[in-house]
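Undergrad: With chain A's structure known, arrange chain B on it following the hints.
From first to last, the protein sequence lines are chains A and B.
Heads up: the first sequence runs through residues 17 to 127, numbered per this note's numbering.
Heads up: the second sequence runs through residues 1167 to 1280, numbered per this note's numbering.
Because the hints were derived from the structure by calculation, they are not lab data.
It cannot be assumed that every hint is accurate.
Said to hold, decoys possible - Computed list of lysine-lysine pairs in DSSO-like fashion (alpha-carbon distance at most 30 Å, straight line):
#	chain 1	residue 1	chain 2	residue 2
1	A	K84	A	K114
2	A	K114	A	K17
3	A	K58	B	K1175
4	A	K17	A	K58
5	A	K17	A	K84
6	B	K1180	A	K58
7	A	K114	B	K1175
8	A	K114	A	K58
As the list claims (entries may be wrong) - To give an idea of the interface, some chain A residues facing chain B are shown, with a C-beta separation under 7 Å as derived from the structure:
#	residue
9	G59
10	L60
11	L65
12	G87
13	Y92
14	K114
15	A119
Positions of the beta carbon are idealized from the N, C-alpha and C atoms, including for glycine.
These are the residues of each chain, in order.
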Amino acid sequence: KQEVTQIPAALSVPEGENLVLNCSFTDSAIYNLQWFRQDPGKGLTSLLLIQSSQREQTSGRLNASLDKSSGRSTLYIAASQPGDSATYLCAVRPNDYKLSFGAGTTVTVRA
Amino acid sequence: NAGVTQTPKFQVLKTGQSMTLQCAQDMNHEYMSWYRQDPGMGLRLIHYSVGAGITDQGEVPNGYNVSRSTTEDFPLRLLSAAPSQTSVYFCASSYSGQGTYEQYFGPGTRLTVT
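Next up, chain A with everything else stripped away, as it sits in the complex:
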């Protein structure tokens, strides 16, 4: 059974600092990995999707890397802003359809 872990559970940084969020998974036989953002009381918004054959994906200030062999992905957010405060979730899609989610990292960016 795929286990997905996100450490730390919570993170507080001053505005302007770079954010590094970690995601680890136990089974490297994945199809892709997706990072989401969730604001309080809201649904999930897709940030980046990395296919198993890719090493990284970038969108604006966001960059996600994937090391499938070691079961790790990292989400980098450059020059954080208070508007980046949210919970960030990673989800792993194995070769069947059953997505496995981590419990998330809650980020607070202090102005």
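TA: Using the frame of chain A, we list chain B on its own:
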């Protein structure tokens, strides 16, 4: 496009009552799924569908039924509500175009069972 829509946004049920959570998508996605989100546990897959007329169980299917008669709609039925089903429920859809299966989520239904 409205994307993935869910109704109701909030619901309070008494133990033993039944209800249906509605989910619809207008993106012609073939894959749809239901998750529940509980504090500290992440999202867990309840049921999913790979196309109209085809459904399968996820990680936590007990106490829930689904059907998929059209591509657009994927309702989730609670047969006899229990306090353990108090949770936030999310519906998601995805498609196999370009081989990505990127997931799109609805806004959620917050359910309380007393």
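Undergrad: What hint numbers does the structure not satisfy?
TA: The structure breaks hints 12, 13; every other hint is satisfied.
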